[in-house]
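J.: Residue numbers (our numbering), protein chains in the order written: chain B, 1 to 270; chain H, 1 to 246.
It should be emphasised that the hints constitute simulated quantities derived from the structure, not laboratory data.
Note that beta-carbon positions come from the ideal geometry of N, C-alpha and C, so glycine has one too.
Mixed in with the good hints there might be a few duds.
Only pairs whose alpha carbons sit at most 25 Å apart, straight line, appear in this in silico SDA-like list of lysine to any residue [as the list claims (entries may be wrong)]:
id : chain 1 : residue 1 : chain 2 : residue 2
1  : H       : K143      : B       : G212
2  : H       : K120      : B       : R214
3  : H       : K165      : B       : W170
4  : H       : K239      : B       : S131
5  : H       : K239      : B       : G101
6  : H       : K165      : B       : Q144
7  : H       : K143      : B       : H215
8  : H       : K165      : B       : W16
9  : H       : K165      : B       : P140
10 : H       : K143      : H       : L183
11 : H       : K110      : B       : L134
12 : H       : K239      : B       : W16
13 : H       : K114      : B       : D216
14 : H       : K143      : B       : R225
15 : H       : K239      : B       : D216
16 : H       : K165      : B       : I143
17 : H       : K165      : B       : Y113
18 : H       : K143      : B       : R237
19 : H       : K239      : B       : L141
20 : H       : K239      : B       : I143
21 : H       : K165      : B       : G77
22 : H       : K120      : H       : R188
23 : H       : K239      : B       : Y149
24 : H       : K239      : B       : I146
25 : H       : K143      : B       : L141
26 : H       : K239      : B       : Q144
Label-pair distances were calculated between CB atoms; the ranges are [claimed, not checked]:
id : chain 1 : residue 1 : chain 2 : residue 2 : range
27 : B       : V13       : H       : C57       : 55 to 65 Å
28 : H       : D82       : B       : A39       : 31 to 41 Å
29 : H       : C57       : B       : R236      : 26 to 36 Å
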Amino acid sequence: MEQVQPVQIAAPVRGWGQTMRRDAWWLQPLAVFLGLSTAIGYMTWAALQGEFYHFGPYLSPLYSPELLGGSPHSLFGPQPTWWPALLPFSPAFLILWAPAGFRVTCYYYRGAYYKAMWADPSTCAVGEPRSTFLGENSFPLIIQNIHRYFMYLALLFLVFLTYDVWNALWFEDAATGVASFGIGVGTLVLALNVVLLGSYSLGCHSLRHLVGGRHDRIAGLPLQRSCYDCVSGFNRRHMLYAWMSLAWVTFSDVYVRMCAMGIWTDFRLL
Amino acid sequence: MSSATFRIWRGNAEAGAFEDYTTEVSEGMVVLDAVHQIQAEKANDLAVRWNCKAGKCGSCSAEVNGNPKLMCMTRLNTLPLDEPVTIEPMQTFPLIRDLVTDVSWNYEVKKRIKQFAPRKPDAPDGSWRVDQYDVERVQEFRKCIECFLCQDVCHVLRDHRLHDKFIGPRYLVYTAALEMQPLDTEDRIADLANDHGVGYCNITKCCTTVCPEDIAITDNAIIPLKERVVDQMYDPLTKMLRMFTG
Numbered sequence: 001m002e003q004v005q006p007v008q009i010a011a012p013v014r015g016w017g018q019t020m021r022r023d024a025w026w027l028q029p030l031a032v033f034l035g036l037s038t039a040i041g042y043m044t045w046a047a048l049q050g051e052f053y054h055f056g057p058y059l060s061p062l063y064s065p066e067l068l069g070g071s072p073h074s075l076f077g078p079q080p081t082w083w084p085a086l087l088p089f090s091p092a093f094l095i096l097w098a099p100a101g102f103r104v105t106c107y108y109y110r111g112a113y114y115k116a117m118w119a120d121p122s123t124c125a126v127g128e129p130r131s132t133f134l135g136e137n138s139f140p141l142i143i144q145n146i147h148r149y150f151m152y153l154a155l156l157f158l159v160f161l162t163y164d165v166w167n168a169l170w171f172e173d174a175a176t177g178v179a180s181f182g183i184g185v186g187t188l189v190l191a192l193n194v195v196l197l198g199s200y201s202l203g204c205h206s207l208r209h210l211v212g213g214r215h216d217r218i219a220g221l222p223l224q225r226s227c228y229d230c231v232s233g234f235n236r237r238h239m240l241y242a243w244m245s246l247a248w249v250t251f252s253d254v255y256v257r258m259c260a261m262g263i264w265t266d267f268r269l270l
Numbered sequence: 001m002s003s004a005t006f007r008i009w010r011g012n013a014e015a016g017a018f019e020d021y022t023t024e025v026s027e028g029m030v031v032l033d034a035v036h037q038i039q040a041e042k043a044n045d046l047a048v049r050w051n052c053k054a055g056k057c058g059s060c061s062a063e064v065n066g067n068p069k070l071m072c073m074t075r076l077n078t079l080p081l082d083e084p085v086t087i088e089p090m091q092t093f094p095l096i097r098d099l100v101t102d103v104s105w106n107y108e109v110k111k112r113i114k115q116f117a118p119r120k121p122d123a124p125d126g127s128w129r130v131d132q133y134d135v136e137r138v139q140e141f142r143k144c145i146e147c148f149l150c151q152d153v154c155h156v157l158r159d160h161r162l163h164d165k166f167i168g169p170r171y172l173v174y175t176a177a178l179e180m181q182p183l184d185t186e187d188r189i190a191d192l193a194n195d196h197g198v199g200y201c202n203i204t205k206c207c208t209t210v211c212p213e214d215i216a217i218t219d220n221a222i223i224p225l226k227e228r229v230v231d232q233m234y235d236p237l238t239k240m241l242r243m244f245t246g
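Pulled out of the complex, with its shape left as it was, chain B reads as follows (with noise of 0.2 Å):
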């Protein structure tokens, strides 16, 4: 095979910051680290509080599916007893690093970060603040290809968070505990939050390439052309859906533990 003739560059490449742009180039980056500071600093501050996250028949999404804990949404009892005294307990921990890992290792995130945090470029056509680049082509960025098994991860909360949805159509009363159907704002709050949080799973560049994008032909394959079309629709909006439903899993648990606290009150709509 022939071989590539290097290249001799004239022009110095330019330094941290340097650019002859004269738009706000700053500005879309600098919204991006705070977008993102605040909500991995708020959901870091609520795991670690482990109480708080479940109101009636809600549970906050960032405490969701309550493996072990003290609520009545536990799926497998209490916390362990064999738990280390002196290890801070949460519900939370057990779970969290799911999604966490769904979104650190999502290729709209990837760019995202790597140009708001790491300045890896700051944003296009800005000179950058290191010479060296390994990219995703070795350690440490190459485990980013662990993408899609999080990606079934994540699939796999979606059911947990729908069945959070079910039950929190359920409103036990007080005197009798007896539970019936109805409807509270938080109810809405936790369905909108699955309708977000699944707009923003199913149109996954990974799931995309499994259900169908993996094939050259995939007009002979029905079922996998409609998912691959399905998925490219959410696709083509992944970076809208990807901030509205981290907006929104921190609004809710900041909803449930609101309610929870007594600070806001949680109105039946039925």
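Once you have looked at the hints, place chain H on chain B.
T.: Same frame as chain B, but now just chain H:
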């Protein structure tokens, strides 16, 4: 009629500087019109590559106010004319003179990519049968006019100068057009992962942003190629599945 100042890079690979030229501008003008006017009136020796003036030949690529653009498709009314408009050559390629760069590295890269290898014909007359749906997916990639703006803006080439390790977005699109071709039988995945450095792309989408043909380079070409590399090299489950399904 009003006037505007254009700050144009003048020089060659050894030395150069920006020079200001003020010229008359009128409604409907594009940057290339202004450059031609300056060339005719004030700087007869100004070097600029151009051909179709219609955004289809990909010759007049340059950086206008720091943004990689086709000069013939950048209307002056989209630029702030109360300050000088800077026009400089693409930063990723060696400068020949003024606004002209040597883009021949791209053609050398293209030679390294395995060519189209069609399957046996479907019909006795030597023709194939292909569904329109499958054709449309790769048709998007055929819109490329090889302006090399995507190569210019890609920070792997522009800032890190990894020309010997990474083929750049233009040739990932080219590879995708071949790799997803419904008739093609060649396997380019190992080349992509090793020699062509698809892993160097960190999905900043700058290539997609500057593409004058609006090709969804990152979403429809590069990421699907990365996923095909994952299939073959990093996903044990898919590998196992392939052992059973063939």
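J.: Hint by hint, say whether it matches the structure.
T.: Structure-based check of each hint:
1. H:K143 / B:G212: holds (23 Å)
2. H:K120 / B:R214: With Cα atoms ~21 Å apart, K120 of chain H and R214 of chain B stay inside 25 Å; holds.
3. H:K165 / B:W170: With a Cα-Cα distance of about 59 Å, the restraint between K165 of chain H and W170 of chain B is violated, given a limit of 25 Å.
4. H:K239 / B:S131: violated (36 Å)
5. H:K239 / B:G101: holds (23 Å)
6. H:K165 / B:Q144: holds (20 Å)
7. H:K143 / B:H215: Holds, at about 22 Å.
8. H:K165 / B:W16: Given pair K165 of chain H, W16 of chain B holds - Cα atoms ~23 Å apart, limit 25 Å.
9. H:K165 / B:P140: holds (18 Å)
10. H:K143 / H:L183: Cα-Cα ~19 Å, so holds.
11. H:K110 / B:L134: holds (23 Å)
12. H:K239 / B:W16: violated (42 Å)
13. H:K114 / B:D216: holds (17 Å)
14. H:K143 / B:R225: holds (23 Å)
15. H:K239 / B:D216: It holds: about 18 Å lies between the C-alpha atoms, which stays within 25 Å.
16. H:K165 / B:I143: holds (20 Å)
17. H:K165 / B:Y113: holds (24 Å)
18. H:K143 / B:R237: holds (22 Å)
19. H:K239 / B:L141: holds (22 Å)
20. H:K239 / B:I143: Cα-Cα ~17 Å, so holds.
21. H:K165 / B:G77: violated (54 Å)
22. H:K120 / H:R188: With Cα atoms ~19 Å apart, K120 of chain H and R188 of chain H stay inside 25 Å; holds.
23. H:K239 / B:Y149: Holds: K239 of chain H and Y149 of chain B sit about 14 Å apart, inside 25 Å.
24. H:K239 / B:I146: holds (14 Å)
25. H:K143 / B:L141: Violated - the C-alpha atoms of L141 of chain B and K143 of chain H are around 32 Å apart, more than 25 Å.
26. H:K239 / B:Q144: Judged against 25 Å, a Cα distance of about 18 Å means the pair holds.
27. B:V13 / H:C57: 55 to 65 Å: violated (29 Å)
28. H:D82 / B:A39: 31 to 41 Å: holds (39 Å)
29. H:C57 / B:R236: 26 to 36 Å: holds (29 Å)
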